[in-house]
Amino acid sequence: MKIRYFAWMKRTVGVPEEEVTPPAGIDTVGDLVVWLRSRSSGHAEALAEGAAFGAAVDQRTATFDVKLAGAREVAFFPPFTGG
Amino acid sequence: MSVRVQEADFDIGAELSRLTDGNRRIGGLAVFVGLVREMHVREGYHRDRVDALTLEHYPGMTETALQEIEAEANRRWPLEATLIVHRYGRMEPGERIVLVAVGSPHREAAFEACEFLVDWLKTKAPFWKLEDTPKGEQWVGAHQEDDAAAARWEKK
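Chains as they are written, first to last, in the numbering used here: chain A, 1 to 83; chain B, 1001 to 1156.
Watch out, some of these pointers could steer you wrong.
As the list claims (entries may be wrong) - In silico EDC-like cross-links for lysine to aspartate or glutamate, where the CA-CA straight-line distance does not exceed 16 Å: (1) A:10 with B:1137; (2) A:2 with A:73; (3) A:10 with B:1056; (4) B:1155 with B:1119; (5) B:1124 with B:1072; (6) A:67 with A:31.
Unchecked claim - Listing some non-contacts, in silico: residues in chain A with all C-beta distances to chain B over 12 Å: (7) 45; (8) 58; (9) 68; (10) 69; (11) 83.
Hints were generated in silico from the structure; no laboratory data involved. Computed from a predicted model, the values in this text were never measured in an experiment. Each residue gets a CB set at the ideal place from its N, CA and C atoms; glycine is no exception.
Using the sequences and the hints, build the whole thing.
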């Protein structure tokens, strides 16, 4: 699946997007966050516990308990500041 | 109903004419235009100069989110015309960022729906502001006041 990062998270992780294949047992957005932290120190910092960020699964806002089954794209981003 | 996300500036007069031309049921048109400010007010008192603003967004999700917000406004109020134009990319103080226009037979619905659209797009559409300041680049943090403004419209 494709993982995308936005705003400061993109800079902290170091890439705007990446293709990953999570192992069996990574079922929810929350599971994915924990697994992604191990990829690099940038990932660990951007996706740290307590950091203020949200997620979207296939371009729809998703809470961490949302299932990943069949997801093609998961995005992580800071709170929105448009308008 | 119409939503656009674009890098280019927009012409307010031309946009409003296009929105209302040919619809004689519209009695009131409420309009909000967001501009780039030359200073950022932090913590209510401290001010930093802002030389430019860069708006990043999530292409695809942004359009969907704005369309959903627009559809929600049309469910809640009897509206004849709605328009959201939101820019992305680099903008300098004084430049237009966003245009929200709402036409309705009566002004109350137009005013309320316009305010609703602005409050919700600030907190529900995937845009992020990066400020260019004398201290360097700074990501704008989410404001509690914006969350409170958006929460006013949550259905009890």
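Here is how each hint holds up against the structure:
no.	hint	verdict
1	A:10 with B:1137	15 Å, holds
2	A:2 with A:73	5 Å, holds
3	A:10 with B:1056	11 Å, holds
4	B:1155 with B:1119	14 Å, holds
5	B:1124 with B:1072	12 Å, holds
6	A:67 with A:31	9 Å, holds
7	45	15 Å, holds
8	58	9 Å, violated
9	68	17 Å, holds
10	69	20 Å, holds
11	83	4 Å, violated
Going down the numbered hints, you'll see the structure goes against 8, 11, while the others check out.
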